[in-house]
Amino acid sequence: MTSSFCTTHPISSYTNNRDPRFWSPVPHFARASFPKLNYSSSGCFLSGRLRNKRRLNYSLGDLRIRRTSAVVAAGPMFFSDSPIVGDFVAMVFSGCFALSILRVYEETAKRGVFDQKLNRKLVHTTIGLAFMLCWPLFSSGRQGAIMAALIPAINIVKVLLIGLGIWKDEAAVKSMSRDGDYRELIKGPLYYASTIALSSVIYWRTSPIAIAAICNLCAGDGMADIIGRRFGTKKIPYNKDKSFAGSIAMAAAGFIASVGYMHYFSMFGYFEESWEMIFGFLVISVASALVESHPISTTFDDNLMVPLTSLMVGTLVF
7 MTSSFCTTHP ISSYTNNRDP RFWSPVPHFA RASFPKLNYS SSGCFLSGRL RNKRRLNYSL
67 GDLRIRRTSA VVAAGPMFFS DSPIVGDFVA MVFSGCFALS ILRVYEETAK RGVFDQKLNR
127 KLVHTTIGLA FMLCWPLFSS GRQGAIMAAL IPAINIVKVL LIGLGIWKDE AAVKSMSRDG
187 DYRELIKGPL YYASTIALSS VIYWRTSPIA IAAICNLCAG DGMADIIGRR FGTKKIPYNK
247 DKSFAGSIAM AAAGFIASVG YMHYFSMFGY FEESWEMIFG FLVISVASAL VESHPISTTF
307 DDNLMVPLTS LMVGTLVF
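Residues 7 to 324 in our numbering are what the sequence shown lists, from first letter to last.
Don't read these hints as lab results, they were simulated from the structure. There's no promise every hint is true.
To be verified - For lysine-lysine, the following DSSO-like pairs were computed, each having C-alpha atoms within a straight-line distance of at most 30 Å: (1) Lys123 <-> Lys246; (2) Lys180 <-> Lys193; (3) Lys193 <-> Lys164; (4) Lys240 <-> Lys123; (5) Lys127 <-> Lys180; (6) Lys127 <-> Lys174; (7) Lys174 <-> Lys164; (8) Lys127 <-> Lys241; (9) Lys164 <-> Lys123; (10) Lys193 <-> Lys246; (11) Lys240 <-> Lys174; (12) Lys116 <-> Lys180; (13) Lys123 <-> Lys174; (14) Lys246 <-> Lys180; (15) Lys193 <-> Lys240; (16) Lys174 <-> Lys193; (17) Lys241 <-> Lys193; (18) Lys180 <-> Lys241; (19) Lys164 <-> Lys180; (20) Lys241 <-> Lys164; (21) Lys240 <-> Lys127; (22) Lys116 <-> Lys164.
Based on the provided sequences and hints, a complete structural model is requested.
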């Protein structure tokens, strides 16, 4: 009679074959296994419940530390039993997704739907953020990072060929250049693609530094130009080419996008969102906006100075 009351069921006995990234706050690969407890007949109810409570508290606390490292072993969304095939499919899907968006902007540039500068900044704002949405499709670890980085790497080759005059593509030039000069592509667009590729390979999706670099480059710098041209009547004293409205829009857009992607990636368990991380994103976005407003950014190109600032400041705050 006593033994039936004292029978325990370890947490690890619960199993489910569905993908844990979509249904369970505690992924099956992160669940801790515990040895069965052997209770004596005296004080079974009291001691058993206390031990179970202590054991559960320990498992939940330990899970916060172990969860990030456990996710590193997660496979790709497609063909999880074959990571290389799954990552290849994820790469093709992500590449087609980014290419389709770029194709839309090439058509709007060709048809004159938007002003050329606005069309360029819309490309600037959306492509990197859209690509980062696809990161959870890849496997965690070095293989997934490299496969994902191949997409912007291919774009780097394309930009170089067009910028050097080897490959003629008027639609791409109109969608990515300020004044329709193909040689512009080996500056800003090249820095842009390189930032995304290096953020994928070096930092990947478990690092808030990658989020900060891409979000401040894409959303921040993109909105700075769009808002600055429309509402930037009051110029910054140390740089008449920049406005207060544009700098404020850059800091706000970079910060909001960073927090949004922090929440997005935390849903997959890549890291835990926190107020400290949010404050870090705020510091990086403000620093990036200050550097972007300085004349040095005009000299060396915003697409180079903004990600460099995000990476350096991000290394200090994270």
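(request) Could you tell me which of the hints above the structure violates, numbers in ascending order? (result) 11, 20
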